[in-house]
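**Q** Next come the chains, spelled out residue by residue.
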Amino acid sequence: MTTDDAVKATEAPPPPDRRTTESRSFLRHFLYLIWSANTVVVTVLSVVLAMIIGAILIIVSDADVLATFAYFTARPSDALTGSWDVVSAAYADLFKGSIADPEAVTAWLNGTGTWQAVFTPISETLTYAAPLVFTGLSVALAFRGGLFNIGGQGQAVIGCITAAVAGFALPLPVVIHVLVALLAGLVGGALWGFIPGILKARTGAHEVITTIMLNYTAGLFLTWLILQNGVQDPNRTDAISKTVDSSAQLASFGGALRVNLGIVLAVLVTAAIAWLLSRSAFGFEVRAVGANPAAAKTAGISVAKTYTLLMVVAGALAGLGGATQVLGTAHALTPAVAGNIGFDGLLVALLGRNRPWGTLLAAILFGALRAGGNRMQSFSGISLELVTVLQALIVIFIAAPALVKTIFHLRAARAARLGASMAKGW
Amino acid sequence: MLKLPGDCAEGEIPLRLELRGITKRFGDLVANDHIDLTVEPGEVHALLGENGAGKSTLMNQLYGLLQPDEGTILVDGETRIFRSPRDAIAAGIGMVHQHFMLVPVFTVAENIALGAEETRGGPLGWLDRRRNRRDVLETSQRYGLPVDPDALVENLPVGAQQRVEIVKALTREVDLLILDEPTAVLTPQETEELLTVMRALSDTGKSIVFITHKLKEVKAVADRITVIRRGRTVGTASPDTPEHELAALMVGRDVSLEVDKGPADPGRQVLKISGLIVDDDRGVRAVDGVNLVVRAGEVLGIAGVQGNGQTELVEAVMGLRPARAGTIHLDNENLVGMSTKRILRSGVGYIPEDRSLDGVVREFSVAENLVLDTYDRPPYGNAFRLNPGAIASSARDRVEQFDIRTSSPDSAVSTLSGGNQQKVVVAREMSRPLRLFIAAQPTRGVDVGSIEFIHSRIVQERDVGTAVLVVSSELDEVVGLADRIAVMYRGRILAIVSPDTPREEIGLLMAGITAREEESEQ
Chain A
1 MTTDDAVKAT EAPPPPDRRT TESRSFLRHF LYLIWSANTV VVTVLSVVLA
51 MIIGAILIIV SDADVLATFA YFTARPSDAL TGSWDVVSAA YADLFKGSIA
101 DPEAVTAWLN GTGTWQAVFT PISETLTYAA PLVFTGLSVA LAFRGGLFNI
151 GGQGQAVIGC ITAAVAGFAL PLPVVIHVLV ALLAGLVGGA LWGFIPGILK
201 ARTGAHEVIT TIMLNYTAGL FLTWLILQNG VQDPNRTDAI SKTVDSSAQL
251 ASFGGALRVN LGIVLAVLVT AAIAWLLSRS AFGFEVRAVG ANPAAAKTAG
301 ISVAKTYTLL MVVAGALAGL GGATQVLGTA HALTPAVAGN IGFDGLLVAL
351 LGRNRPWGTL LAAILFGALR AGGNRMQSFS GISLELVTVL QALIVIFIAA
401 PALVKTIFHL RAARAARLGA SMAKGW
Chain B
1001 MLKLPGDCAE GEIPLRLELR GITKRFGDLV ANDHIDLTVE PGEVHALLGE
1051 NGAGKSTLMN QLYGLLQPDE GTILVDGETR IFRSPRDAIA AGIGMVHQHF
1101 MLVPVFTVAE NIALGAEETR GGPLGWLDRR RNRRDVLETS QRYGLPVDPD
1151 ALVENLPVGA QQRVEIVKAL TREVDLLILD EPTAVLTPQE TEELLTVMRA
1201 LSDTGKSIVF ITHKLKEVKA VADRITVIRR GRTVGTASPD TPEHELAALM
1251 VGRDVSLEVD KGPADPGRQV LKISGLIVDD DRGVRAVDGV NLVVRAGEVL
1301 GIAGVQGNGQ TELVEAVMGL RPARAGTIHL DNENLVGMST KRILRSGVGY
1351 IPEDRSLDGV VREFSVAENL VLDTYDRPPY GNAFRLNPGA IASSARDRVE
1401 QFDIRTSSPD SAVSTLSGGN QQKVVVAREM SRPLRLFIAA QPTRGVDVGS
1451 IEFIHSRIVQ ERDVGTAVLV VSSELDEVVG LADRIAVMYR GRILAIVSPD
1501 TPREEIGLLM AGITAREEES EQ
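Chain order of the listed sequences is A and B.
Going by the numbering used here, 299 is the number at position 299 of the first sequence; the sequence numbering is gapless.
Add 1000 to a position in the second sequence, counting from 1, and you land on the number used in the numbering used here.
Source of the hints: derived by calculation from the structure; they are not laboratory data.
Be careful, since some hints might not be right.
Short derived list, chain A residues pointing at chain B, Cβ under 10 Å [as the list claims (entries may be wrong)]:
1. N229
2. G230
3. Q232
4. P234
5. R279
6. A281
7. A291
8. W357
C-beta: ideal position from N, C-alpha, C; glycine also.
Just chain B, same shape as in the assembly (with noise of 0.2 Å):
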């Protein structure tokens, strides 16, 4: 369903674009292999890869914060070269990135207006707040986007927020909205509302390329769909092709949405968390008042929107963050003021939800990251020496045993995939008798073989016993993987629910609506 140029809105101009034979090196790593791509006029291009296959690279190209080694862009049929985003939006093209680039102290108008800033009296003259202002409502209203001029950003929401940048691109009257994985931080309300914000953009004759690895959503807004692996274009199918055909496309071979696993049999509590408060960085309460209990030989799930409390939770369970009030058992032992290394000891296995900041150290060997947190133990060493003979031998078998592909154990971690580095913390922190075993997010940013590896081995481990506290945004993920399903929402268990839920249930938990508000509601 490709529009003409003749359906767009009065006052549009359409913009055409292609991509030729777009090359990225980086050293020995050829991030993007001779990519073709059109985006026609008022289309909604997905770009449909898993993470690592080139998606954003590409699209940095574009948006100028790269350049190209090879290959050509071509807006409306002629090349065009883009230094710096400067140069892209001048040309008409646009970038809301995964990552807001919001001044969070600053209204929402000014954040609009920085970096185009109005101004009265020439380049240092004052700054015309009132005609930002109303450049902002008018973009807003004209695009049916709604937004506060005056909230400032911090206040706002993330959906909220993601709106002011899809704002602040439009002001700059681009025809070439790209978003980069818009998705991962909503909620399925917000993700609904953002497609019908994406369709109404592209009946206005706004183009948009869509990246982002979620083969529904794509199927839900896409005209047509691009897909990337590893760094080259392996077709463009129509938003009908069958989900799973999408994916094996996608991964090149066919893979299991499904995680396969049998029923858990649970035995003793083994984590008891009661009445536990924490604050965030800012000392903003968020842990308000959590119980729970994961018992021996079942996998707990927490779903939630990130930024419910989940991250800060699981941090006070490992002695990284201090609790304000409440009680954390393992067993029979109170965890809270514990060291983080004394609970490591106690047989608590952590798998942190940000891997290149928590989880590696990306300068360090495979070795060494195997042995993060035992180097000074034996057999790898002790309070004084290491042991360096130890560690290889350790390192060379789990390699083995956990499939992490590397040139050798003695190579960075920084030149391994996410995957591959997440299957060095996963074989770190699952090669000793465990009695918890904690993933948050362990599955972000890795691809999808590893996810199903990963997946495996978190029920191998509850398999012989262990309890297991997953933390996921992603609903498949905690669905897939729970026996028992707790949702998190502004730092409360709302509801612990079965995995057979339906998804829509939770997904309105997860947005803080239960079922008995949503009653009242209607």
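For reference, chain A alone in the conformation it holds in the complex (with noise of 0.2 Å):
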């Protein structure tokens, strides 16, 4: 073999065959994305999935069409169609209260109804995803540098308290009323953020263990502080503060409708964390500490300040949340004011796949699937733990993609990483 004949063998790498690619029509390209399993495809799958499960349960749950079942052999059809009704009731509901109730859209065009009928899942979709995005964009921001912050529910908590006080304890004028609560409940955040992030620089404390004892801490901290002289309102014997200001509310849109300025701040924070994420110097060090913390202290980046700021982000975020809740939907302090918006928020990041669009997306499904269940738990009778049952299998089917992958036979692809990434965390 001649030196020329033996480097063209070595060193050129064969091309790839356009041809192929080209030749393969649109549709069978199409369906090819399909099935190669990607991201995208095995999310859509796993609400799938969940909702066939979820259709069982509703089906197991029902007595009346149980009873059907005794006489299956016999005679089929009642135990079908008993099914078919009920599973498909429950899920219209499911769709009605959520997105678009068709008699609220009749009645309005035929002028019977008002817009604010028509516009009221929606409302409510985007009233319960609004704090889920900052709660999700702050786990998510959070995993990219390497960090699993569990520890959303206390700084969202916090961020509350803040923001709440804020709210009801400072006289200002309207605009900058609102502005100061909302950085008020960023900073509790931030703050609730630094502590966790501190101890993990300076000391090594592992942060889930940290960030666990802190929501415990916030927690008991706001059930205390309800019930203090200046807090609690004073009409009430039971544990509620006083009500924020108006001026420090977050102004809804239209009278009967609750959605407010709070999903609108959501949009705007994702798409800054977007560009924080992809743009910024700070950005670039997360994704470096995150993927790689030794080539990124190797080249000069600080680990322990990178882990430092990213938990004092990450913690303003889930405060903002808090603070959005408060100032948005709640108006006052209460023992359950947060709900469950940190925990929520760690499967609401999972599905968004730690990225911020996609935290965006996964906490509006979040949402339709909390409001559709107010409708279907008031008007089937099906209770709303059907919806943190379908929730929690969303979030299965997701961290297990292997097992979406075997039973719609997708092509092995990346599939295999997706979920193996939130696993790890520990």
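Combine both chains into one complex, guided by the hints.
**A** Here is the structure:
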């Protein structure tokens, strides 16, 4: 073999065969993409699978329908139509409660209904989604930097507290008051994120442990604080704080609708975090430290500083989530004011693959399930817990993409690495 | 010089291994492409190839760690399927990995028993330590491999740990032993001992598959040589084949093993290390009073077996590890206590020894890796934002300039071969004005073509007047690149010698034996 030939043989990688790609029809290419198990496909299929299992649970929990299965072999039509009716009614309510109710639309077109009634479902969806966007982003951002922020709940609680106190204790003019209250929530959450951040940077204390502990601390602090003089509503004996001044409340759109400026803020913040991650020097540091702290350190990036600052920003995001919750919908502190938004944020981030826009979409999906679940409960009599089960199932399928792949015979592709990302947090 | 089955020692069952058409793919990459290999009983069979040629992949399939996509494994003419190392061991195949699989806090006997513990009273009974110990001693004596069954593995030198691995495989009564790059971590003297052991084992009828990319060892010990390049068998050679022919087979073209460089023109003292003391991660003294000077326009090579403080020395200079005592002056500035970022900014370039851990962020694109330490400096960005345009255009230039073979600067670095990943690191560290350039193991795991390129770049850097410090455990590399060689042993610089010094002498120094001691011993 001459030297030249050998050089060619070793150096020239075979050029990708373009013709095969071009000759493939658009449809075939489309199908290929669908079956190649990309993240979107796996996510959609996870939702579908969760809905199927949810349907089984609906049937099993309905005593009347279950009774028809006793004589299934004799007359299967009873069981089948019964099952179909109860499941379709439930999922129809889920849709009507979260996206649009066709009856309300017709009524509005006929002039008998109001436009508010048409938009109520979407309004509810976005209202529930807004705080989840913030807590989801908090978890997602921290995770991109290699930190598993379980503390979204505590940070959101502190955000609720500082925002609410600023909301009812400070006498400020209209626009400024709401801004100050939001800022207070942001700073409160940032402080609560700073503690595990600095502990991790200085002592190596694992953020999972410290943030879990700080969740308890924040929750118990809230229940204590509400009952204190100057915080508790003087006209009430139960655990509820004074109401936030109307100047500090997030304005809602159009009277009867609950949706407020919180969701607008959520979209803006999502855009900001997306920019931060991809275009800012800090985002570069976060990604580098998250992917390979040793290489980041070797290249002169201070890992300790990045961890601390990252937890501050993550805490600030969760705090802002708490602030939008209390300033947008709750308007007063109660022991359960933050609900479960911090922990739901973990699921939202997982579902959104730790990407800012993905997290936004995931939060809206969770908001929709919650809003639709309310209607499903009151109209079809199906427990709201079913929604929690659906959420959990979706997340399980996302976290175990191999399961989805096997069920749908997807091409072994990137899917294998999708959910494992979160599981390696520990 | 093949041995016939009849030649074996009594009681040994000879094992004849045949691999037919073994193919293994990882996605689009074909790691093994229809490889055929036959190992005769009692044969030392060398598997020669560059890093990334597919040698380890092949052996991992033989050892049951991976399953072939195509092809069959025949043991004594019977087709066998190995789903796990357990199956392979049962069929009489053992493996000593490149990175030892030993528990440091266990004794030698415990390590050897691990996974095949002798128990009394059923599988949940207590361990029969006495029997373990006896088995270890028996095996060790039978094959002439001295090990102390009661020593803690963490206290043993690397060569002894390797013997433990070999004894461990032999106690499983294997007839074919795979040694994966066994000499990478050994001193020249330890290597010589290992080669003797290999010959002795083959005399007792054991077959050995010896994976390596070092030509000299192959010639010294192998009965037959199979050369693998890019996942294919390119030929079988006898040990009489001249070295340069083997090298050509291995890389597919004639390569110069020598580094082409002119005489050095040393100038001012750029790096001056005095009385440096550094501890390792466990708090054990790793660098013990080192004094060293590197001048502008010269290459100072540090030779030494890995783990003698070279890593810690370099990390201390880079501000990655605190110095206990001593000073490190870059021209007139003391680097001790300075942040890594400031040290890099003051004109120091650094190739870390562990590329995949410290050198690159595998998930990042080539372009991002090229600015890993300059992302917040113009033109690539500032303290707040990045300038993607500048990053992309400079990446395109440097991909071309440094001959980085990638489908695009936006591809993840993990998709590149080891050599090209290293070129990314080299390109990053060499595209700014430097006063000092530190290269730790600059060509480890790099193919021969890239080695030449990286070496010529290092020499170029020297010729423009940069002070260069090269640390390598490959003696050939140090000798080829350096203008002066400092030999490091147990945290100290034992001697500074000229690259013309005979290899044997440097080898002895690496083992801690100075000329004077040797005389007194004799």
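**Q** For every hint, state whether the structure bears it out.
**A** Results of checking the hints against the structure:
no.	hint	verdict
1	N229	45 Å, violated
2	G230	41 Å, violated
3	Q232	44 Å, violated
4	P234	47 Å, violated
5	R279	5 Å, holds
6	A281	4 Å, holds
7	A291	4 Å, holds
8	W357	18 Å, violated
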